[in-house]
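Asks: Order-wise, the sequence lines are chains A, B, C and D. Here my numbering is used: position 51 in the first sequence is 56, and no number is missing along the way. Here my numbering is used: position 462 in the second sequence is 467, and no number is missing along the way. Here my numbering is used: position 385 in the third sequence is 390, and no number is missing along the way. Here my numbering is used: position 322 in the fourth sequence is 327, and no number is missing along the way.
Read the hints as simulated data drawn from the structure, not as lab findings. Computed from a prediction, not measured in an experiment: that's the story for all the values here. One or more of the hints may lead you astray.
One copy or any two copies: either way a pair holds, since identical chains are not told apart in the list.
To be verified - Derived DSBU-like pairs: lysine-lysine, alpha-carbon spacing no greater than 30 angstroms straight-line:
hint, residue 1, residue 2
1, K347, K199
2, K319, K230
3, K319, K68
4, K331, K354
5, K354, K334
6, K108, K296
7, K230, K143
8, K354, K172
9, K334, K296
10, K319, K10
11, K354, K234
12, K7, K354
13, K230, K68
14, K172, K230
15, K199, K7
16, K172, K418
17, K199, K238
18, K108, K354
4 protein chains.
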Amino acid sequence: MKHIKLAYIGGGSKAWARVFMNDLALAEGLSGEIALYDIDLAAAERNRRIGERINAAEEAVSKWDYVVYESLESALIGADFVAISILPGTFDEMESDVHAPEKYGIYQSVGDTVGPGGVLRAMRTVPIYEEFARAIRKCCPEAWVINLTNPMTACCKTLFDVFPAIKAFGCCHEVFHAEEFLACVAAEELGVPKPDRRAITVDASGINHFTWITEANFEGHDLLKLLPKSIEKWYNEGHYEYGDPLDFRSDPFRYGNKVKMDLFRRYGVLAAAGDRHLAEFMKKSRYLRDKNAPEEWLFHLTSVDYRRADRSRKIEESELIASGAKPVKPEKSSEELIELMKAILGFGKIVSNANTVNRGQVEGLPIGSVVEVNHVFDKDSVKPIVTNPLPGPVLQMVAENAMNIENTYYGIKERDLEKIFAAFMAQPLCCELSWSEGEELFRTMIRNTKQYLSPYYDLRGIL
Amino acid sequence: MKHIKLAYIGGGSKAWARVFMNDLALAEGLSGEIALYDIDLAAAERNRRIGERINAAEEAVSKWDYVVYESLESALIGADFVAISILPGTFDEMESDVHAPEKYGIYQSVGDTVGPGGVLRAMRTVPIYEEFARAIRKCCPEAWVINLTNPMTACCKTLFDVFPAIKAFGCCHEVFHAEEFLACVAAEELGVPKPDRRAITVDASGINHFTWITEANFEGHDLLKLLPKSIEKWYNEGHYEYGDPLDFRSDPFRYGNKVKMDLFRRYGVLAAAGDRHLAEFMKKSRYLRDKNAPEEWLFHLTSVDYRRADRSRKIEESELIASGAKPVKPEKSSEELIELMKAILGFGKIVSNANTVNRGQVEGLPIGSVVEVNHVFDKDSVKPIVTNPLPGPVLQMVAENAMNIENTYYGIKERDLEKIFAAFMAQPLCCELSWSEGEELFRTMIRNTKQYLSPYYDLRGIL
Amino acid sequence: MKHIKLAYIGGGSKAWARVFMNDLALAEGLSGEIALYDIDLAAAERNRRIGERINAAEEAVSKWDYVVYESLESALIGADFVAISILPGTFDEMESDVHAPEKYGIYQSVGDTVGPGGVLRAMRTVPIYEEFARAIRKCCPEAWVINLTNPMTACCKTLFDVFPAIKAFGCCHEVFHAEEFLACVAAEELGVPKPDRRAITVDASGINHFTWITEANFEGHDLLKLLPKSIEKWYNEGHYEYGDPLDFRSDPFRYGNKVKMDLFRRYGVLAAAGDRHLAEFMKKSRYLRDKNAPEEWLFHLTSVDYRRADRSRKIEESELIASGAKPVKPEKSSEELIELMKAILGFGKIVSNANTVNRGQVEGLPIGSVVEVNHVFDKDSVKPIVTNPLPGPVLQMVAENAMNIENTYYGIKERDLEKIFAAFMAQPLCCELSWSEGEELFRTMIRNTKQYLSPYYDLRGIL
Amino acid sequence: MKHIKLAYIGGGSKAWARVFMNDLALAEGLSGEIALYDIDLAAAERNRRIGERINAAEEAVSKWDYVVYESLESALIGADFVAISILPGTFDEMESDVHAPEKYGIYQSVGDTVGPGGVLRAMRTVPIYEEFARAIRKCCPEAWVINLTNPMTACCKTLFDVFPAIKAFGCCHEVFHAEEFLACVAAEELGVPKPDRRAITVDASGINHFTWITEANFEGHDLLKLLPKSIEKWYNEGHYEYGDPLDFRSDPFRYGNKVKMDLFRRYGVLAAAGDRHLAEFMKKSRYLRDKNAPEEWLFHLTSVDYRRADRSRKIEESELIASGAKPVKPEKSSEELIELMKAILGFGKIVSNANTVNRGQVEGLPIGSVVEVNHVFDKDSVKPIVTNPLPGPVLQMVAENAMNIENTYYGIKERDLEKIFAAFMAQPLCCELSWSEGEELFRTMIRNTKQYLSPYYDLRGIL
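Next up, chain A with everything else stripped away, as it sits in the complex:
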């Protein structure tokens, strides 16, 4: 039985916290303290109560001490792990990120990674992460730090740049969805029951939400060779690894994988993220030409109103659980975080994708930029595996976005709005903006979110 302290930073208002606490309850061999810290103290407190409900559940194998801390540093001191999952700003800021660009014909399906929304979100998030990095260096320099916040690449870059010796990685489940999709291909083409995604071995390379699978094996079958057959069947109507390909009409987090299939036809490798994400890394004419284009490509835009309603539902549910009105019944989720932590604690090797600094694992991307590839997770060790080269045109698109994120990051680091604007205009989704439209939009988005920017930037020329 390993006894650990995990500092959980943020996560107050996220359903993800519940999922994670359920997984913790089922984590055999682990116990200890979950140190909850959130700028919304009440949310942290609610999570604590949920944690205790889960502890009390019959299925709970591991019991955890859920403790709420009122300062970041006190939560971090003595931590073995730090998981960070914050919402930078509120949904009001996200509303601006996602919807303000629509006036200029820019429709973002997610708006938290790249594109104009991704840049503004990075502007809010990076300064907070600078503080996190400094606090970790001071309070728990040996802790393993797991980033769960978007924009993933910029958040991880901040941690590594401010505190180079940090033991950190970024964790995202998007690649898993692509593996599930490949599991469907295996089932379809081999006539077997849909296998567990872990039975499929992939080489994935790129940056978060724009990672590409260049190799996929299932029991000796080269799935990328089988894929064209499935695509022929599925292309028009779509295919969804967890349900009906048309589910996206009611749930905009879903999609029909038509973008992914189209990209495979064009480039011969499989993009390993949800279609909503993929579309945002590409020029807008491709999959986000206008408000209606997504429907044609079998996905929908995720409006912030939808997110608001979704979160209200989830908070409501959380309240019911916290108060005991709704019973909890821990079930293992499809998340892998506990497994990664256990591997780091010495329970056995795992290979899984993660985001770390490029030291040579992705040929052709800048050394020092944050990339996403398979890593070996082992006792106190997370090491990247060298990946297959990406096809030229794919490498070009990934490099373009990787360089844009680097430029965004350094502009933010230097609090230099002109540099940030240059990176803003370089976004593939901004490719149809004239300079003056771009300036107008950038200023508007800054004004909309000024409450979260003015502590860090000199906005006098803009407000």
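Please build the complex by placing chains B, C and D on the supplied structure of chain A, with the hints as guidance.
Replies: Then chains B, C and D, alone, in the frame of chain A:
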């Protein structure tokens, strides 16, 4: 007196040939044979007659033997230098390159370097250059090969890729224009007579037609620090280093440098090519949004009809010269080719820009891609100088185009239309095309120029 | 049950063949054909008979078809795996490799990897491997090729250089011994029973026989932090992971690990190969100053006479087994080859060290040279893991040897004796030779082994 | 006329100061202040008086204000150039550097660059250069800094590492001697008068005192192709570019170039430093086996006693000049420093060798290490030229030494005696030391020079 053989491949229909022959006539210390080879034999013959007229001119210091060859190999054998300046296809193909995309809202100011026209032109040119490279390897492997043809980067790449030991470089005068522009800045801000551009020292780095000056010195003055003042004065009305900034209205090869000034304001470094070229490397919304956008940025599109008329005039003039009806009077041009050749022959060192394979001279661009930087030209030696790092957002744009050209080249090398199409769609000027529009345009442009493509590509799926 | 064909090239006279056949017999889930090819046909035939004896053993879980082939190509056709384990030349050549340099004060403890013996052995081996690579490209380009022959680095380099798309890796158990040594440390310092070496996680980086462990974990204990304590106890008397540290006096394949402990004290990282190997990568004054130095460092030189006697015993034993006079009783060896093959066949991931081309996994060693690091072995996939940086002085020594091997290889590839001689003199073990002594020794060693060199090299200046 | 301030740090006791002041007096177009600073104030004062004598000479074209400063910072404030030429410690310390190792059979011909003497000298020098770099950053961050002190590579590394934005380069005339040698080859083989070395164009690449010429041109003649003929004639008796090859017997700064010729025969490229320097970068058995080996290779060891006597003579002469007893008659020296400064001031481009940080100019050496190649010197600009690749075995030797110097530097930076000792033992000249001999020698050399080390290092374990 050095006696050399220079094989002049192509150039039959170019006024540039005359300029070059005039410079040759004034090249003290050099003499020998100019071996003319052109698939248009009559044009080569006309050049021979012009050469002889020039020889006969009073001002001619050096007399040259102008000899027309009917085969490439015979022209190459024994050559000390090979200058290549061809038109791949005719103006009919160029008409398609430049104007076919207009139906899709893509207005190209030049259409021979990047953008849809640049890709199609590369498709015609690279296979011819493969033959050139093989013939040079066979007939004159020790010769210095000077490329003058566009698309410069792809042509040079072909020479280096097919015959890695080739002694070659690509030569372009666009950087000179930026130096002239800086000479105007020096005059304006320092109150001196406009200095010779050679008195200005620059560090220029990038790829042909998209090179950037990061450092410029004139007699100890940092011209990039003086530039903002000149830009303040010139921005609205433009400034042209050789005349009236509005000349572009009658002569579309001219421009008012507003693009260059705008880019300097945004990125802090000076783009070192004519504005017509620069605009094509950027997303179309920036300077080529629609047919009328160039006027606003103080340049015009160069129609192929204009080129046709221009060439007719020049050929007519050539005929008059060849026949003796028009007298010749050699004057030194602003071209530098003779000086470079003389440096290579040991007449003294020169530093000038050239295009060669990146071996480390430009940090952040792919090793092995063709880049344009200053080189030291010296006795049998052309060596690149390591350049200053480019600012992040500029490097991103240069890298994007450099990778696109690499991808175009490898697609052509493998005669793989899908790969070429991927690179076609990745052009910044194509950023507003949907996949289907792009396919339609690509097919149309291939059909339009099929006569020059079908010897090399399997076009069955397209015609 | 996977049915495979494995071509086993060479190995005729090696006891290792028996070990491997035993392991095959115990490889659950695998069966198929073992295609035996050896230039010594009788030896291959003997192996076939031993294989059949093993098949007949009660313990044999898997039965294999042992087939002797008289040509390399016929053995290779249809192979899924190719294992290569040859003796280049005979023990007479090895006698020269190992003992000829002694006249010049160079005492080699092994003589097959680096040092004068390593260079001469590479001269005999590389041309044979060039043929292997071409035959594999022709007969079984998709097969996984496992090199077991020394000099490991040069053999692997040849395979990758001649046939770049080859699916190959080199396999060596020396790192395992260092892991066993660390297992002893764990037992000593933690007071636990000696753990299985697989329970210890290491990061090892370098080149074959000169790999360095920069990180070692056992159940959360940092073994490199515990190591100094063990070294304090063991340094003087030595420590041997498999027995008495003084065993080396009767069995020169054994050693007391004093070199390894000494190096750890000096550099803070643990060299991961037997001390006999390590000493040869370093300047001779360090551990091989003279004939008696090894005794002081608790190892002995391995004379070729010892090898001859050892092999005679083993062949004798093989004959007894082949004839049935000696019963076989398959037991699982400590070798890992079967496990690696099973991982490649999809039986589950393994992390183990292997030799492949450096694509970024070892920072500071030449890209394209062959390096040894941990790899993930998985279904049809062997991928290097990016390693920790080596300490500066260790990197210098590894780079020195890696560059020497590259230079040796390219000299051999070009059949250029001067280049090979330059690499010969650059060997750390040759550091005390004057040029003329070196020339004399090099010529002598070439003359001694001319029978195996004259087919490949122009020796007229030497014989 | 350019008016400048040059801070001349050190140089008090060097004849070089006189040479430099003579050159200054002849530097047309330049004038200003020479700010003299030396920890030996009297020496600076003597230089001031000499400077004034030179000013008064008839031949003096430029008059300079020679001003003695008593603090480093006051000398630096306002400087346009800083030239640094110090003796770290006294000849007593140098006596230890050069002669202490002789007890262990290590005979150093110079002892100030690499080898045991080079390491100890770096230990004394680097901490002083750290102070210089900080003072320059504070007092004259825009000044051009010219290093003239040995060990050149470590001194330059310190400047660049402590103050990365420094405008600095290291200046050494050794390459010029090799060019003079090549001028002799040109004369010998072409039957022309010995040309000026500036008429010979070379590509030289490597590290200071171990630079290699891969290409040499004189009026179109490939001198490296002519060289074997000259070597055939000169090898046995030697050849000296400035006099009799046997001069070295009376003047140990001279040499017969036999080492250089021998290396050319072995590697095909020409080492571009005096033979005394070259020998020290190689294993001692090659050219420094014992006390008598140099005689055989036509050079002599430079004893510190010789240096003492030499300096006494020069100081005596300086005193005579300073007092007016000996008349001065400025003549242009063969040094190039003034020319480089004039190029930086805008008097015209020069190509010459210099030491700067490797940013890609030497393929295969660590990025960030200090290397020596040709640079273009131009108005406020010193830029490295990308060099030809070095042959494999030469690159190995250069890389070995470059890595050793890097390791020495980082050991000193961290004041870590163990790391420094590791780099000490890795010196090619130390290759025959056992660990214990090495430790003994290292401790002895530290004790001998402790006066200059104890301010910086914790020597308690050693004294």
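Asks: Next step is simple, just say for each hint if it's right about the structure.
Replies: Hint by hint, here is what the structure shows:
no. : hint        : verdict
1   : K347 / K199 : both (27 angstroms within a copy, 23 angstroms between copies)
2   : K319 / K230 : neither (41 angstroms within a copy, 48 angstroms between copies)
3   : K319 / K68  : within (24 angstroms within a copy, 59 angstroms between copies)
4   : K331 / K354 : neither (37 angstroms within a copy, 42 angstroms between copies)
5   : K354 / K334 : within (29 angstroms within a copy, 33 angstroms between copies)
6   : K108 / K296 : both (11 angstroms within a copy, 24 angstroms between copies)
7   : K230 / K143 : between (50 angstroms within a copy, 23 angstroms between copies)
8   : K354 / K172 : both (17 angstroms within a copy, 25 angstroms between copies)
9   : K334 / K296 : neither (41 angstroms within a copy, 64 angstroms between copies)
10  : K319 / K10  : within (27 angstroms within a copy, 57 angstroms between copies)
11  : K354 / K234 : between (34 angstroms within a copy, 28 angstroms between copies)
12  : K7 / K354   : both (16 angstroms within a copy, 25 angstroms between copies)
13  : K230 / K68  : neither (46 angstroms within a copy, 33 angstroms between copies)
14  : K172 / K230 : between (38 angstroms within a copy, 19 angstroms between copies)
15  : K199 / K7   : between (35 angstroms within a copy, 22 angstroms between copies)
16  : K172 / K418 : both (21 angstroms within a copy, 26 angstroms between copies)
17  : K199 / K238 : within (17 angstroms within a copy, 57 angstroms between copies)
18  : K108 / K354 : neither (49 angstroms within a copy, 51 angstroms between copies)
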